[in-house]
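What follows is the residue order along each chain.
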Amino acid sequence: MSIEEKVIEIIVEQLDVTREECVPEASFIEDLGADSLDLVELIMAMEENFGIEISDEELQKIRTIKDAINYIKGKKGLAS
Amino acid sequence: MDRRVVITGMGTVNPVGNSVDETWAALCAGKSGIGPITKFDPVHHATKIAGELKNFNPLEFVDKKELRRNDEFIVYALACAEMAIKDSGLAIDEDNTERVGTIIGSGIGGVKTIEREHTVLEQSGPRRVSPFTIPAVLPNLAAGQVSIRYRAKGPISCPVTACAAGTSAIGMAFRLIKDGYADAMFAGGVEAAITPFGVAGFNVMRALSTRNDQPEKASRPFDRDRDGFVMGEGGGIVILEELTLARRRGARIYAEICGFGCTSDAYHMAAPPPGHEGAARSMEVALRSCGMEPSAIGYINAHGTATPINDVYETQAIKRVFGEHSRKLAVSSTKSMTGHMLGGAGGLEAIVAVKAICEGVVPPTINLDNPDEGCDLDYVPHRAKEMKIEAALSNTFGFGGVNAVLVFRKFKD
Chain G
-9 MSIEEKVIEI IVEQLDVTRE ECVPEASFIE DLGADSLDLV ELIMAMEENF GIEISDEELQ
51 KIRTIKDAIN YIKGKKGLAS
Chain U
79 MDRRVVITGM GTVNPVGNSV DETWAALCAG KSGIGPITKF DPVHHATKIA GELKNFNPLE
139 FVDKKELRRN DEFIVYALAC AEMAIKDSGL AIDEDNTERV GTIIGSGIGG VKTIEREHTV
199 LEQSGPRRVS PFTIPAVLPN LAAGQVSIRY RAKGPISCPV TACAAGTSAI GMAFRLIKDG
259 YADAMFAGGV EAAITPFGVA GFNVMRALST RNDQPEKASR PFDRDRDGFV MGEGGGIVIL
319 EELTLARRRG ARIYAEICGF GCTSDAYHMA APPPGHEGAA RSMEVALRSC GMEPSAIGYI
379 NAHGTATPIN DVYETQAIKR VFGEHSRKLA VSSTKSMTGH MLGGAGGLEA IVAVKAICEG
439 VVPPTINLDN PDEGCDLDYV PHRAKEMKIE AALSNTFGFG GVNAVLVFRK FKD
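Residue numbers (our numbering), protein chains in the order written: chain G, -9 to 70; chain U, 79 to 491.
Heads up, some of the hints might be wrong.
Quick partial rundown of chain U residues pointing at chain G, CB under 10 Å, derived from the structure [said to hold, decoys possible]: (1) 141; (2) 142; (3) 143; (4) 208; (5) 209; (6) 210.
Just so you know, these hints were derived from the structure itself, not from any lab.
Backbone N, C-alpha and C define an ideal beta-carbon position, used for all residues, glycine too.
Build out the structure end to end from the sequences listed, making use of the hints.
Written out as structure tokens, the structure is:
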């Protein structure tokens, strides 16, 4: 499974949204109905799945699905 | 102005039913909701039985996301509240949002979540603990989530008075409406503590029945062979409304709530004092609060836990308050069928007392084969009994010495 697919799978599960809603530009808070605690939980799931750590400072910069995918790719040393 | 308060809606989930109708039918048929524990494997627990909910589908009341972020006791509250508000037909809108409040008690709160997340903490470290842990654990989040869903912006609280929590909640909500702080209230109690930790904690106190081979016969209030209570789960929530407003909208009125008594034993952390004088005083305070003579009461929904001490002492307390009239009372224990729903018990048992008044039927105390010495009232053994009831009490007593009593009466203009 690609990073994109895995990220979307986690989002669908955690935020109880459909795959169709998970377009790259979708904002977690504005488009996918997440609140600040949802975001923390989502990031925890990503950390666990991808074996990375995301600091609170970096978390602030992740607003959309695309941000999350690029961030994870960066951490894994894969350019987007 | 003397404000009166009436019950206009009711909702429950409990070991014998997932609605008021299903519950009432089961209780009147003397059906036990006790069975083997399935929520976890109680292999090392002395007690392996409990009253669990059956066929309850939380997704009828919450979505998947809500289910994940809330503890079960909160989901039960949302289910009970949804049934109660629908039943009442009360609309909460801009005009009354600030006059509708929420008081829902719980004895223990989100113990299942504590256990799960504590395991995460031990195994994976503090950074892996769910961000929803604290809001799932806090007992007042049942009231909090209900008030959010229905935009009830009036008074909110959560009595954490152990096994009396549901009764404390309804009593406090009644007083808030009576005293003019609110016009309508969600009120009741919920509990979801059938967990490894919850059962172990009560087990080591020697509070629970260990009649594991006969689950349906394990909860035996007032019986000679009782050996402790059986844990139950679920709850009950009612809609209380100020009478003139309920009338104006043409609400169906089940009964009037007219009295509330609350006292402390100031005696021991878990045991009642001899003769349970605190419980007696609580019944007296409740009756005095509405100027009702003891002889006006026809039915007492007893605390009736089936612990060796409670049932004898509660009987003594009833005799002290009612004197000769205690011989004419019907006294029955819902817990004989549901087990002890702890903070949820008072919520359901208030509904049972109200239904008894409305239907003219007293549900039985099942498993009462041989009344214990000192237990010599009419506990309505085995079979429901038809009788006209003008007024009823609901008794609940809790660890910490709490005694809470509600008085309901048939609604009359």
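Hint by hint, here is what the structure shows:
1. 141: holds, 6 Å
2. 142: With a minimum Cβ separation of about 5 Å from chain G (threshold 10 Å), the hint on residue 142 (chain U) holds.
3. 143: With a minimum Cβ separation of about 4 Å from chain G (threshold 10 Å), the hint on residue 143 (chain U) holds.
4. 208: holds, 6 Å
5. 209: holds, 4 Å
6. 210: holds, 6 Å
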